[in-house]
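Asks: Below, each chain spelled out in residue letters.
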Amino acid sequence: MIDDMARAATTTDAFNAVAEPRRRQILDLLAQREQPVGDLVEQLGLAQPQVSKHLRVLREVGAVRVREDGRQRLYRLNGSALKPIFDWVRQYEAMWSERFDELDAVLTRLKAEEENGNDEHE
Amino acid sequence: MTSTSEAAPMNEAVVTLPSDEQILITRRFDAPRHLVYRAWTTPDLVKQWWAGRRGQVDTVDIDLRVGGRWRYVMTATEGFPVAFHGEFREIVPDERIVSTEVFEMPGVAAEDLEATLNTATFAESGGGTTLTILVQAGSKDVRDAIIASGMESGMQEGLQLLEEIARGLA
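If you read the sequences in order, they're chains A and B. Using the working numbering, read the first sequence as starting at 1 and increasing by one per residue. Using the working numbering, read the second sequence as starting at 1 and increasing by one per residue.
Derived from the structure by calculation, the hints contain no laboratory data. Here a beta-carbon is modelled for each residue, glycine too, at the ideal position from N, C-alpha and C. Warning: the hint list may mix true and false statements.
As the list claims (entries may be wrong) - Stretch by stretch, here's where chain A covers chain B in the computed footprint (C-beta under 8 Å, at least three residues): (1) 12-18; (2) 23-29; (3) 42-55.
As the list claims (entries may be wrong) - A few chain A residues that don't get close to chain B, going by computed Cβ distances all over 10 Å: (4) Pro36; (5) Gly45; (6) Leu46; (7) Ala47; (8) Gly70; (9) Leu74; (10) Asn116.
Stated by the list, open to error - Label pairs and their computed distance ranges (CB to CB): (11) Arg22/A to Thr42/B: 37 to 43 Å; (12) Val14/B to Pro84/A: 17 to 23 Å; (13) Ala123/B to Pro84/A: 29 to 35 Å; (14) Arg76/A to Gly67/B: 52 to 58 Å; (15) Arg96/B to Ala112/A: 22 to 28 Å; (16) Pro36/A to Gly79/B: 51 to 57 Å; (17) Ala76/B to Val41/A: 42 to 48 Å; (18) Gly126/B to Glu114/A: 14 to 20 Å; (19) Gly67/B to Arg109/A: 30 to 36 Å; (20) Ala47/A to Gly127/B: 31 to 37 Å; (21) Gln50/A to Gly79/B: 46 to 52 Å.
One chain only, chain B, in its complex shape (with noise of 0.2 Å):
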């Protein structure tokens, strides 16, 4: 009964930046929050999004229950190798998760390493799921080197208005 086709060009992630510590993701899917939870969630799944376009999934670990580790770790299409991991703090089923992440950085020791505590939300919304993951940053330093990084790993395209401004600014 319902057409799912105009629902199209709403599903596009947005990222936002709402404080000096937060760094927020926004994006919709055309399906029951049941089942984004459960691709979420399940290493077998997380395995075959994760690494979008940018390389191979070598590795997904959860333990899903609060205190429990997860780990993730791919290959970049580059050939190195790119990890984060953490530790789940809460946990509402098909609602939200709350857990630390870490970036595994090559060289520097794991105690120096800063997390963030990110939270994900899966709401239901007309016939879809809308996913926000909030991440925050425990000071705007730690927020500041995130997006460093970002700039660093030489990523492609984003959202049309952004390209038209860089363009603009070219």
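So that you can see chain A by itself, here it is in the shape it has in the complex (with noise of 0.2 Å):
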């Protein structure tokens, strides 16, 4: 099978690639270190032909990189690629965690006053 390498690897390509949540445990994983498909399979305890999937996709971005050592392929992160969406993820999701912290505290009032109505209600 031939990957479809014609199709442009651009940043925003990267930000969907990355928005799956196996694939960010596979670059969490090869955030540790640079390591084969068979040694993945075995940390995220899900069948090869969907890891390699995965990395397809995670190499046709960039994000990615393999390379061949004796008769293993090893895979590795590629930072550079992916720094930007990091920190955008981490970011927008930062700003969304604040907000509902916040809303947490109204809510928790919220049972509160309800709690105490409801006994008036009697």
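Could you use the hints to bring the two separately framed chains together as a complex?
Replies: If you want it as structure tokens, here you go:
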């Protein structure tokens, strides 16, 4: 099978590539060390075809590089392609997390008020 | 009877990009959905959470009916104003709100600003509420513009996983 390498590996494609939770996991593992697909399969508990499929998507957008090492193919993270994406998702998530933390506090008060209110409705 | 303490680690905001034109935000709350809906749609309550810890909310106008307008304005800690507005397109009380959203960019004429179509869904789950916000941009370019503006605003740390990855990238 031939990968569709003609597709432009733009930043926004990489955004979509890393948005998938499994692929984020793979990137996390590759951030720790360069490794062959078998090691990823073991750590993720997924079938090899699935892992290979995710790796192919990540390679297409330049997020992951591969090299031959004897009979093995070793995968590693290509950090420069991904830094802006991680920065953005992290920032966007952080903004919403802050809002939601404040919303939690509001909800705690509303719950307490409602419990008092219900007593009065008797 | 029910213990809610063990639910805390699950209550993390998760952001994904389901397609080229979409951003999806998901978060679980330990409260019934009519309260989450109330906190989401009552101006005095929105004022208490919308700025996060990044400033002070100055104005929250909500005309909660189809065709009604909304506008939020805050002053960031650094002193600059941040404003969004839009129009309600669909309202199902306690369940779903569909509205447009425009970020008021300083120096950009209102007619040049592209709106996203946002769907907030309130779903009851396990004694709590899962809120999802689907941001639908008109094009990949608009979504990318949102992403670009987010990258410039210098926000703080996020999920631990991503921090670890970012460290690995440094």
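Asks: Mind checking the hinted window 29 to 35 Å against the Cβ distance between Ala123/B and Pro84/A?
Replies: 32 Å, holds
Asks: If we take the beta carbon of Pro36/A, is the closest beta carbon in chain B still more than 10 Å away?
Replies: 18 Å, holds
Asks: Is it correct that the beta-carbon of Leu74/A has no partner in chain B closer than or equal to 10 Å?
Replies: Given that every Cβ of chain B is farther than 10 Å from that of Leu74/A, nearest at about 16 Å, it holds.
Asks: Tell me if the beta carbons of Gly67/B and Arg109/A are separated by a distance inside 30 to 36 Å.
Replies: At 31 Å between Cβs, range holds.
Asks: Report holds if the minimum CB distance from Ala47/A to chain B is greater than 10 Å, and violated otherwise.
Replies: 23 Å, holds
Asks: So the hint says 51 to 57 Å: do the beta-carbon atoms of Pro36/A and Gly79/B match that?
Replies: At roughly 52 Å between Cβ atoms, Gly79/B and Pro36/A fall inside 51 to 57 Å, so the hint holds.
Asks: Per the coverage rule (Cβ-Cβ under 8 Å, at least three residues), is the segment 42-55 of chain B covered by chain A?
Replies: holds (count 8)
Asks: The output says Leu46/A does not contact chain B. Does that hold with a beta carbon cutoff of 10 Å?
Replies: 17 Å, holds
Asks: 37 to 43 Å was suggested as the range; check whether the CB atoms of Arg22/A and Thr42/B agree with it.
Replies: 38 Å, holds
Asks: Are three or more residues of the segment 23-29 of chain B within 8 Å, CB to CB, of chain A?
Replies: Answer holds; 4 residues pass the 8 Å Cβ test.
Asks: Can we confirm that no CB of chain B comes within 10 Å of the CB of Gly45/A?
Replies: 17 Å, holds
Asks: Is the gap between the beta carbons of Gln50/A and Gly79/B within 46 to 52 Å?
Replies: 49 Å, holds
In this structure, none of the earlier numbered hints is contradicted; all agree with it.
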